[in-house]
Each structure stands twice: as C-alpha cells, then as structure tokens.
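**Q** First to last, the sequence lines map onto chains A and B.
Each number in our numbering corresponds to the 1-based position in the first sequence with 349 added.
Each number in our numbering corresponds to the 1-based position in the second sequence with 33 added.
Any given hint could be a false lead.
[As the list claims (entries may be wrong)] Only some residues are given here: those of chain B computed to face chain A with a beta carbon under 8 Å: (1) 65; (2) 67; (3) 82; (4) 84; (5) 168; (6) 198; (7) 201; (8) 261; (9) 274; (10) 278; (11) 282; (12) 298; (13) 332.
Think of the hints as simulated: they come from the structure by calculation, not from any bench.
Just so you know, even glycine gets a beta-carbon here, dropped at the ideal spot from N, CA and C.
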Amino acid sequence: MPNNHQYEAVIGLEIHIHLNSPTKLFCDCPNQPGEHPNQYVCPTCLWLPGAFPHLSWAAVEKAVMACLALNCEIQPRSVFDQKVYYYPDLPKGYQLSQFHKPLARNGWLEIIGEDGRPKRLRIHEIHMEEDVAKLVHDTEGSKPISLVDFNRAGAPLIEIVTEPDMRGPHDAMEFLRALRTQIRYVDAAECSLERGTMRADANISIRPAGSEELNTKVEVKNMNSIRHVGDAIAYEIQRQIAQVQAGEAVRLHTRLWNPEQGITTPMRAKFSGPCVPDPTVPPIVIEEEQLAVFRARLPEMPAAKRRRFMESFSLPEEEAQWMTAERDVAGYFEAVAQQCPNPRAAAHWIYEQLLPALKERRMALTDNPVDPSRLAALLTLVEQGEINATAAKEVFDHMFVSPESPSEIVEQRGLRQMTDTSELELLVARLLEAHPDAVGNIRKGKAQAIGFLVGQAMRASQGKADPKRVREIIAARVQGE
Amino acid sequence: MPDPIFAYRDASPAAGEGPLSNVAVLIQPNLAVRGWECGAGSVALEKYVPLEDATAVAKLKAAGAILPGSVRMAELGLGTDGDRMADALKQGLGQAAVMTDLMGEARCAAVASRCYGFKPSYGLISRFGLNGLIPSMECLGVAARSLDTITTIMAVLAGPDERDPSMRREAALDFSQVNQIPEKPLTAGVIRESLQGLSPDEAKHFEQALARLGTMNVRVTAINFPDYELFRVVHQAVGSVEASSHAGKYDGVRYGHRTANAENWNEMYLRSRAESFGLLIKSFLFQGAYFQFQNYSAFEHACRIRGRLLRQTLDLFERVDILLAPLGFRALDSSGDSCLEKLYDHFEPALPANVVGFPALAVPGEIWDPDMNRGLQLIGPPLADVRLLAAACQLVNAASGKGTHDAE
Numbered sequence: 350m351p352n353n354h355q356y357e358a359v360i361g362l363e364i365h366i367h368l369n370s371p372t373k374l375f376c377d378c379p380n381q382p383g384e385h386p387n388q389y390v391c392p393t394c395l396w397l398p399g400a401f402p403h404l405s406w407a408a409v410e411k412a413v414m415a416c417l418a419l420n421c422e423i424q425p426r427s428v429f430d431q432k433v434y435y436y437p438d439l440p441k442g443y444q445l446s447q448f449h450k451p452l453a454r455n456g457w458l459e460i461i462g463e464d465g466r467p468k469r470l471r472i473h474e475i476h477m478e479e480d481v482a483k484l485v486h487d488t489e490g491s492k493p494i495s496l497v498d499f500n501r502a503g504a505p506l507i508e509i510v511t512e513p514d515m516r517g518p519h520d521a522m523e524f525l526r527a528l529r530t531q532i533r534y535v536d537a538a539e540c541s542l543e544r545g546t547m548r549a550d551a552n553i554s555i556r557p558a559g560s561e562e563l564n565t566k567v568e569v570k571n572m573n574s575i576r577h578v579g580d581a582i583a584y585e586i587q588r589q590i591a592q593v594q595a596g597e598a599v600r601l602h603t604r605l606w607n608p609e610q611g612i613t614t615p616m617r618a619k620f621s622g623p624c625v626p627d628p629t630v631p632p633i634v635i636e637e638e639q640l641a642v643f644r645a646r647l648p649e650m651p652a653a654k655r656r657r658f659m660e661s662f663s664l665p666e667e668e669a670q671w672m673t674a675e676r677d678v679a680g681y682f683e684a685v686a687q688q689c690p691n692p693r694a695a696a697h698w699i700y701e702q703l704l705p706a707l708k709e710r711r712m713a714l715t716d717n718p719v720d721p722s723r724l725a726a727l728l729t730l731v732e733q734g735e736i737n738a739t740a741a742k743e744v745f746d747h748m749f750v751s752p753e754s755p756s757e758i759v760e761q762r763g764l765r766q767m768t769d770t771s772e773l774e775l776l777v778a779r780l781l782e783a784h785p786d787a788v789g790n791i792r793k794g795k796a797q798a799i800g801f802l803v804g805q806a807m808r809a810s811q812g813k814a815d816p817k818r819v820r821e822i823i824a825a826r827v828q829g830e
Numbered sequence: 034m035p036d037p038i039f040a041y042r043d044a045s046p047a048a049g050e051g052p053l054s055n056v057a058v059l060i061q062p063n064l065a066v067r068g069w070e071c072g073a074g075s076v077a078l079e080k081y082v083p084l085e086d087a088t089a090v091a092k093l094k095a096a097g098a099i100l101p102g103s104v105r106m107a108e109l110g111l112g113t114d115g116d117r118m119a120d121a122l123k124q125g126l127g128q129a130a131v132m133t134d135l136m137g138e139a140r141c142a143a144v145a146s147r148c149y150g151f152k153p154s155y156g157l158i159s160r161f162g163l164n165g166l167i168p169s170m171e172c173l174g175v176a177a178r179s180l181d182t183i184t185t186i187m188a189v190l191a192g193p194d195e196r197d198p199s200m201r202r203e204a205a206l207d208f209s210q211v212n213q214i215p216e217k218p219l220t221a222g223v224i225r226e227s228l229q230g231l232s233p234d235e236a237k238h239f240e241q242a243l244a245r246l247g248t249m250n251v252r253v254t255a256i257n258f259p260d261y262e263l264f265r266v267v268h269q270a271v272g273s274v275e276a277s278s279h280a281g282k283y284d285g286v287r288y289g290h291r292t293a294n295a296e297n298w299n300e301m302y303l304r305s306r307a308e309s310f311g312l313l314i315k316s317f318l319f320q321g322a323y324f325q326f327q328n329y330s331a332f333e334h335a336c337r338i339r340g341r342l343l344r345q346t347l348d349l350f351e352r353v354d355i356l357l358a359p360l361g362f363r364a365l366d367s368s369g370d371s372c373l374e375k376l377y378d379h380f381e382p383a384l385p386a387n388v389v390g391f392p393a394l395a396v397p398g399e400i401w402d403p404d405m406n407r408g409l410q411l412i413g414p415p416l417a418d419v420r421l422l423a424a425a426c427q428l429v430n431a432a433s434g435k436g437t438h439d440a441e
C-alpha cells in the first residue's frame with residue numbers, strides 16, 4: 350500500500366466573489382450590508398408578485414472586468430438559469446445563476462509553485478449569480494424562530510470554478526492571493542474571506558502520485574481566511590489518505606472546516622434541484638466592439654507592473670512583488686520613487702514602516718497625512734545624510750500629527766545628524782577610554798564589540814551621531830594604535 | 034355575502050380625461066392596483082395588497098379609464114374555473130376587459146360574451162405588476178364589444194417600459210394607423226390539422242364562415258402543418274416548467290398564505306403550499322416539477338421544438354396575410370375544469386399564438402352567421418398587430434355591410 354508520499358492531492362476551487370457594484374444584480378437597491386435588517390429591499394429583491402428582474406449593466410461590467418483580469422474568454426452570449434430549491438433564504442424558490450451558458454470560460458492565473466517555479470493554474474469558467482438572503486436564528490420566549498434579512502438578497506456575485514490543477518495547500522493559497530490581487534486591480538471586488546466578500550470551497554481528492562485518474566472528491570466549506578483554506582486542505586488530504594489506507598472508500602460529500610479544532614466534519618447534504626433557463630432576464634450579449642472597450646479599461650496588471658518596477662526602479666523581484674500586490678500601494682510607491690533618489694529605500698519604508706503604521710492607526714493609504722511627496726522628502730533627508738534612521742523614524746511618527754515638512758520637523762526637534770568629524774572623534778575617544786574591555790574584544794576580532802560601542806555613541810549623542818561615521822572612526826582608532 | 038362577479042370592487046372609481054374617458058375597463062386580481070386586494074384567484078395570495086400600480090393600470094388611469102374593480106378569475110389565470118369575466122362583460126359591468134391570456138383565456142372569454150378578444154404580440158404590453166404564471170407565453174389581452182375600443186386601449190397600453198425588461202424593443206407600434214391602412218384583397222390560410230378535432234356540425238359551421246369570407250375579397254387557402262399537434266405538447270411541457278418555477282415564490286415566508294400548523298420550516302413549506310393551491314394548479318405544477326426533476330431532456334426537446342414551430346409558423350406568412358382558426362368550439366363542462374387534458378382540449382385552437390408569441394384576434398361568430406355562437410381567430414405575424422386589426426376591420430365591415438366596427 351502506498352505511504353503518504355506516494356499519494357498526490359487533486360484540488361479544484363469554487364470561489365464566490367461579491368462584486369462591488371453600486372446596486373444589486375436585478376434591482377436598484379444599494380449593494381450594501383445595511384445598518385439594520387431589511388433596510389435595502391424592494392419588490393424585486395423580495396420577489397413580490399408582478400416584479401421583474403432588471404439586470405444591472407454596472408454589475409455585468411464589474412463581472413466582465415473581473416473575468417478579463419483572470420485571463421478568461423468572455424462569451425458573446427450568456428444566459429441566466431433558475432437553480433431550483435426551496436429554502437427560506439431564497440424568496441422565489443430559485444436562484445438566478447448562469448448554469449448552461451456562463452459569462453466566461455478558459456481563464457488562468459500564474460503562481461510560484463512550491464518548487465519555486467512559475468505554475469499556471471487554469472480556470473474552467475466564471476458565471477454570474479445573485480446572492481441569497483441571510484437567516485438569523487433566534488428565540489421568541491422559549492420557541493426557536495428564524496428571521497430573514499434580505500439586505501444581501503440579490504447582491505451580485507461571480508462564481509469562479511477552477512480546473513483541478515492544484516496539488517496542495519500552497520497552490521490553493523497562492524491561487525487565492527493572486528486572484529485577490531488581480532480582481533482588486535480592476536476594482537471589481539474586495540475579495541476578503543474574513544469579511545465574507547469572498548468564499549472559497551475546495552474540492553479535494555487523492556490518487557497515487559503520478560497517476561492521471563480523478564477519484565471521488567470531497568467538498569470542504571467554511572474557511573474564513575486564506576490560511577484556513579491551506580489548513581483545511583492539508584487536514585482533508587491526510588484524512589483521505591488515512592481513510593484509503595484503512596481500506597475504506599472515499600464517499601462524495603461535503604464537509605465543514607472547524608477552525609477551533611482544526612478538523613473537517615461532514616455536513617448534511619443540501620438538496621440540489623435542476624437548472625432551467627429563465628424566461629424573464631434577457632441574455633447578456635457582448636459584441637466584439639464592446640469587448641474592446643472593456644479591454645481598453647484594463648489597468649496595467651500586476652505582472653507587467655512588477656517587470657516595469659524591476660527595470661525602472663531596480664527593485665529585486667521580491668520587493669517589486671511587495672510594491673505591486675495592491676494597486677494603490679503600487680501607485681503610492683511610484684509617486685514616491687519618482688521624487689526620491691533611492692527607490693529601493695522607498696519600497697522598504699513603505700513595506701516596513703508606512704503600511705504597518707497605517708494598519709495600526711486604521712488609516713487608508715489614499716487619505717493618510719504622509720502623502721507621497723512628504724515621504725519622498727523624508728527619504729531624501731536620509732539619503733543626503735541629514736538625519737539618521739533613528740531620527741527618520743521619529744520624524745515619520747511626527748508626520749502623522751503635524752502638517753509641517755520633514756525638514757521643519759528635523760529643525761524643530763533638533764534631529765539633524767552629528768556629522769562634524771572633530772566632534773565625533775572626541776565622542777569616540779571618550780568611549781574607548783570608558784570601555785577598555787570592548788576595545789580588547791575588538792582587537793581579538795569580536796565584531797559585535799564594535800556594534801556595542803556604536804550603540805553607546807548613539808546613546809551619548811541622543812541618537813544624532815552618524816552611526817556609519819562612528820563605526821569608521823572606531824575601526825581606524827583601534828586598528829591605528 | 035361575497036360578490037359573485039367582483040373579487041374587489043372599487044366603491045367610487047375615479048373618472049378622468051383622456052382617450053379612455055368614460056370607458057369602464059374591468060381587470061383581474063392578478064394585476065396590481067395600489068391598495069386593492071390582489072389574490073390572483075388563489076389562497077396562495079390571500080390578502081395580498083400591492084404597493085404600487087402595474088404599468089398597464091397606471092396607463093389606463095392616465096388615459097382616463099374608469100376601473101370599476103377586479104373580476105373573479107381562475108386560479109393564477111390558468112383556465113376558466115372560477116373566471117367570471119365573460120359574465121361581467123355580458124352584464125355590461127364594463128365596456129372592456131384587460132386580462133391575462135396564457136393559453137387563450139382572454140380570447141375565449143371575449144367570444145363567450147360576444148366580444149372581440151385581442152392577444153397582442155409577445156412583449157408589446159408591459160407586464161410589470163402582472164402576477165403571471167408562464168412568463169414566456171402569457172400577455173395581457175383586451176376584450177371589448179368594438180374593435181375601435183380594442184384599438185384605443187392597445188394604443189394606450191402598448192409601448193416600452195423599462196420596468197419590464199422582457200419586452201420587445203420595437204414595442205412602440207402606432208395603433209392610430211389601424212383605420213388608415215387601405216383595404217386590399219387578403220389571402221387567409223387555414224391549417225388543416227387545426228380542424229381535426231371539430232365535430233361534423235362544427236366543421237360545417239366553420240366551412241360556412243369560410244365560404245362567407247370568400248365573398249368578401251378573401252382568398253382562403255388550405256395549409257398542411259404536420260407538426261401542428263406539437264403546439265399543445267410544447268405549451269404543456271414548457272408552460273408547466275415555467276409555472277412550477279414561477280409559483281415557487283408562494284412559500285408563505287414573506288407574504289401570502291402560511292399554514293397555521295408547522296413545527297419547522299420544511300413543514301411550513303409543505304403545508305402552506307398544499308393549502309394554497311387548487312387541484313388544477315397542483316396538477317400543472319407537478320407536471321412542471323416532473324420535467325424539471327425527472328425528465329429534463331424532454332423539456333429541452335420541447336424548447337427546441339418550440340424554436341422549430343416558431344420558424345415554421347413564420348414561414349406560413351410568406352404565403353398568406355393571416356391565418357384563420359376556430360375558437361371556443363368545444364364546450365368545457367365543469368368536470369373538465371380541474372383536468373389538465375380537458376383544459377388543453379378546450380384551448381387547443383388558441384395555444385399556437387401563445388407558444389410562438391404572435392398576435393391573435395378572436396372575432397365573435399355571429400359576425401358571420403347570426404346563429405353561430407362561436408368565434409373565429411385571425412392570427413398575424415409578430416408585431417404586425419396594427420395590420421391584423423386593420424384586416425379585421427376590413428372583414429367586419431364587409432360582413433356587416435356597414436362602416437362601423439360594432440359587433441352588434
């Protein structure tokens with residue numbers, strides 16, 4: 350019997366994404382969660398008698414842009430079907446979805462595989478559908494009751510169905526990250542598993558490594574973060590291997606991820622009805638001419654931007670990746686890089702200082718007080734040796750509360766770097782006298798002793814000494830003796 | 034005691050100015066009027082009161098029509114059981130009626146009350162606010178004692194409405210042209226297969242009507258249509274599937290009837306729906322569910338055949354100006370009301386116009402023969418509604434030997 354390593358997993362994802370169009374898919378109600386239940390409802394999304402679905406072209410546009418971002422072929426004609434089932438979250442007994450003729454087919458995304466090499470993962474199709482209402486379970490006295498909130502009913506979704514090209518948790522997680530980046534670039538959706546604007550279900554099966562067969566799959570749902578998707582897949586693969594090794598057959602069913610216990614458990618099968626063509630929603634027809642207009646609207650996508658950042662700003666690939674993962678970060682970086690002499694330093698500052706600081710302060714990149722020209726001015730001061738890194742951090746923090754320019758803050762707070770050589774010489778001479786042990790250690794070749802003395806110099810100068818110069822002077826003095 | 038005719042009666046209907054001022058138009062309780070109870074003849078919608086007027090109702094009101102009330106109707110518009118529109122028209126409770134035609138109901142009610150009954154082309158009148166049953170086949174039909182009234186009402190009702198996206202974009206036809214089109218010799222086709230179900234007596238009457246038309250500058254030609262029987266099959270398969278989906282919204286969750294006894298929501302669904310529908314609707318919905326769940330390929334065949342029937346029917350109009358067909362020749366006894374097969378027997382001659390969405394005008398039989406209490410249908414090609422009404426005017430003028438279009 351094969352052991353763990355002799356199996357490989359075959360994984361496909363089904364991903365629902367909530368498009369950020371202004372209205373719902375078939376009516377003019379705001380496409381918003383609402384502050385209280387049933388705030389955004391109308392005869393159409395409640396499916397009162399006599400109401401007709403009115404397809405929102407804005408939602409179609411968002412869906413098309415998302416499909417183009419995922420390298421799909423937009424179908425010239427796609428049609429809505431009725432997916433029939435009865436459940437209180439579905440006000441008309443069927444969900445409008447594109448079952449027979451989806452909006453787009455044959456897409457792909459490229460990820461870096463576990464072996465470090467690029468890997469192309471294919472998308473089978475993308476179709477549009479409407480979201481259902483939300484059920485809230487409560488009690489009335491001792492009696493359990495269920496309440497229905499229709500704010501979400503009729504919200505526009507796309508469902509992305511991948512080919513079973515993924516072989517492990519890494520592939521699935523990287524696919525979701527790449528997908529999120531692409532779709533955010535075209536501003537079609539937020540794609541947050543945590544906030545429920547993206548839901549990912551995984552279809553998982555196993556087979557002997559190297560075989561081409563497709564075995565019975567198990568669907569896993571309820572993962573609320575990309576990490577959970579990885580954990581759930583890893584768990585489910587091991588569970589199936591153990592099951593097969595115990596001589597049991599894998600049965601087609603659906604399981605729920607339990608993040609507290611880190612396991613999947615079987616869920617009750619949900620009734621699934623037929624799909625019949627809907628006679629009321631007109632087909633979506635996208636002519637070649639219209640498609641060209643959509644294509645022209647595509648922004649520079651992450652892969653192209655990454656290559657350009659590597660060429661124009663000499664960023665290594667990883668840093669270019671950081672700077673292109675989000676479109677607004679890329680725009681911000683580019684604005685800073687054009688105004689400061691060291692684009693790589695800008696990338697590091699944005700990734701290591703600015704983004705964490707914004708997260709901590711719950712601020713958005715687009716309206717934060719450290720705009721690109723102010724950050725560029727700060728980095729220019731560092732680059733010119735006017736201030737050192739410690740002072741730069743202090744100025745940076747102050748920029749969030751003060752409208753003054755970085756150089757004004759430097760002046761006011763007396764943070765200008767001590768670069769006068771005679772002053773630094775004097776400082777070093779005092780330190781060498783006070784710490785003969787350290788001097789001895791340096792002579793024995795212990796490099797960290799120099800670091801200790803530099804630290805002492807920074808403390809003595811209240812952070813204003815130029816650490817690079819201090820290090821040079823110490824080395825020259827100790828070796829010169 | 035409940036009113037035997039009206040489902041809802043407006044105590045003081047407003048009268049307005051416009052092309053329909055002083056015309057009382059009867060409607061059915063499946064057409065939304067703000068504040069009226071609109072139960073569509075079904076327990077499923079008991080006490081349901083719409084929030085706003087249907088587009089058709091708003092247009093009638095704006096044209097100055099009087100709306101005396103809604104007349105009792107068959108459950109969800111299917112068939113004739115419980116439908117009182119013919120009685121209402123006979124009693125003169127309104128000069129005209131605007132009612133659903135999903136398998137010929139408006140045309141048959143018109144003929145039964147010695148009125149004209151017009152089923153326009155699919156997509157010509159907005160269905161916003163019409164609580165229908167078979168979206169791809171039904172439309173609002175118009176019944177009235179005179180062709181002029183029908184033409185005036187059509188001029189008011191036809192035209193695009195962005196709230197009904199299923200409408201034809203070309204929906205704006207100029208009905209004022211009906212009386213302007215010059216008279217000309219007509220070629221009328223009669224589908225042989227459509228006469229097969231007639232009794233010898235009925236066949237004789239129909240032959241007499243055709244013979245009369247022959248004296249009115251109409252050349253009648255017989256046409257073979259071997260697939261004719263498939264109109265009924267397609268209507269039943271596609272119509273029942275659409276009805277099954279469409280009636281899915283009657284679940285008692287948000288509105289309509291909800292059972293008093295249910296321990297959980299599955300029971301609530303089953304009992305509410307069991308209590309909501311009558312036998313005929315249940316049979317129809319079950320039939321639709323059968324195709325949806327058990328025999329989907331038969332439904333797909335029916336959809337394909339429907340496309341073929343549409344092309345074949347269109348082709349006929351290369352050879353003829355209008356098609357002629359009998360209507361309302363078969364009596365429906367009360368035992369047939371709840372039986373799908375008898376229902377389809379009764380409406381069979383009316384079905385093709387619903388299946389392909391073509392305009393059809395029912396003309397009361399007495400135009401041709403004072404003893405003949407049955408109707409004749411004129412069917413035209415899609416969106417040729419104005420020409421069809423003009424042709425009807427021409428024939429009626431010839432038949433009555435006078436210049437007006439009155440049926441009486």
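**Q** Does each hint fit the structure? Answer for all of them.
**A** Hints versus structure:
1. 65: holds, 5 Å
2. 67: violated, 12 Å
3. 82: This hint is violated: residue 82 of chain B lies away from chain A, its Cβ roughly 10 Å from the closest one there, beyond 8 Å.
4. 84: holds, 6 Å
5. 168: With a closest approach of 4 Å, the residue 168 of chain B hint holds.
6. 198: Residue 198 of chain B check passes; min Cβ-Cβ to chain A is 5 Å, inside 8 Å.
7. 201: violated, 11 Å
8. 261: violated, 23 Å
9. 274: holds, 6 Å
10. 278: Status holds, d = 5 Å.
11. 282: Result: holds, 4 Å to nearest chain A Cβ.
12. 298: At about 6 Å, which falls below the 8 Å cut-off, the nearest Cβ of chain A leaves the hint on residue 298 of chain B intact, so it holds.
13. 332: holds, 7 Å
Comparing the model with each numbered hint stated earlier shows that hints 2, 3, 7, 8 do not hold.
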